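Quick mapping for you: the protein sequence lines, in order, are chains A and B.
Numbering of the first sequence is given in my numbering, commencing with residue 1 and proceeding in unit increments.
Numbering of the second sequence is given in my numbering, commencing with residue 1001 and proceeding in unit increments.
No wet-lab data here; the hints were simulated from the structure.
On a predicted model such as this, the values are computed, not experimentally measured, just so you know.
Even for Gly, the Cβ is constructed at its ideal location relative to N, Cα and C.
So, partial list: chain A residues that the calculated Cβ filter (under 8 Å) puts toward chain B:
1. Gln78
2. Cys109
3. Val110
4. Lys123
5. Pro124
6. Met128
Residues of chain A clear of chain B, computed beta-carbon distances all greater than 10 Å:
7. Lys18
8. Ala28
9. Lys40
10. Glu59
11. Arg169
12. Pro184
13. Glu200
14. Leu225
15. Ile261
Number of protein chains: 2
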Amino acid sequence: MGVKPIVLKLGGSVITDKEKPLTPDLQAIERLAAEISRAKVSSLILVHGGGSFGHPVAEHYDIPGGYVDPSQILGFSQTHLAMTLLNSWVMEALISYNIPAVDVHPSSCVVTKAGRIVNMELKPLKKMLKMGFVPVLYGDAVLDSEKGFDILSGDQLVASLAIKLGASRIIMGADVDGLYTSDPKKDSSAHLIDHVTLEELKSLKHKIEGSKATDVTGGMLGKMLEVTFAIERDIETVIVNATESGRVYKALKGEKVIGTIIEKGEKVG
Amino acid sequence: MGVKPIVLKLGGSVITDKEKPLTPDLQAIERLAAEISRAKVSSLILVHGGGSFGHPVAEHYDIPGGYVDPSQILGFSQTHLAMTLLNSWVMEALISYNIPAVDVHPSSCVVTKAGRIVNMELKPLKKMLKMGFVPVLYGDAVLDSEKGFDILSGDQLVASLAIKLGASRIIMGADVDGLYTSDPKKDSSAHLIDHVTLEELKSLKHKIEGSKATDVTGGMLGKMLEVTFAIERDIETVIVNATESGRVYKALKGEKVIGTIIEKGEKVG
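Isolated chain A (complex conformation) (with noise of 0.2 Å):
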């Protein structure tokens, strides 16, 4: 495969306005796409979620909930043609910076199993990354084989990408710094975790399910479920906020930035 490509994910809550249905944060878009082109990542996979986009649609239809009526089969391509439409925004601003973005279409290229992706077409995805082009997926409305469809989270490509492709790491680009000791909100003692392996994250989850809170790490943790499975196949995992200028691109350079990273090994120091 030549050079291990890094696994950037960029949260729908960074890249589209949470309160307002089917609006772009094209500022975030174009300040993420030239801190991308800034950072020259020999290699790079891009993946986004649908915050304003995808969400609204597909819960009205419950297209998580897979078939069960003919009246969802129209919803289904609404929640589809709403992600492509916020993928449209992206793959410009990319482009316009100069990066050799292809938008790769879960939907076309993934029939999940029950919610799982089990086989993956991946070759036109593997022919790009050695030609240099930066493959660019998101959370989709996908069909499955037992369900009928159901939406296949970006989180979960995240993982199924970086495991498939022998990523060297994921960069998590989150709406908050990382993972939080507690919730900063509730908790002024709270304080950001700068570096934590797979272990104490499971000891963390534990706990917090004992106490039956809510997330009470400010929100990442459930997140960071689906990539644990590629924490454990070693492979190391940042959470950045990407709402704040810079950190994407630091990350991407692999330069100290604000955030957490996860690995799997011992905590060193």
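With chain A's structure known, arrange chain B on it following the hints.
Coordinates of chain B only, in the frame set by chain A:
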């Protein structure tokens, strides 16, 4: 597979303004969406061309020539982006007419070999058809195992899909009425051929090649080369003028329509 699908091609010259780069013919797209919706075909695949979206950019970077120079890499991304923009216009119109359309992007599921489809991931597309969706494909810039990349024409897709999915019929929606006995612009005695066999078509082609003239049949014969592979497998094909209101509707319904029917067998009547 259940019901045999109809494959409908909408030529790039039908759905775009050929004179102006990157300009969709929204009136034509809307009208065709309405005709397709009204026809209520039980199993349908749609393929559209590039017109003023794909062709100018692809030619500028010589994408059909394959990879020669690094400067083409961004050109490939731009060519594909242009095609996805046209596709978005088509998808929005179809879905607004309650057609459960789902875009299937050739670059996401095909790597050609010297310009030809050898392997194409068809699982998602087959599942879509089974569930009642209308898959929509288009002539696209794709990765190629020998040339690096290439242009995969809508016409090659039409023939390949019709063969692999056992289509009942192919409808070629063009900007002319069909095949003519001679060029109607130059010869006042030219008339439309309403029915022709593959044998007759081949002798017609031979005659044209012998005369070294340009396509005297009104421009459509050259475009039919790809589709003859499907006709050889007994898939009846009709060319209709998709710029004329109602023709695509009639063809979809299997009604008598102005156009040229091409069949493998002997000419009847």
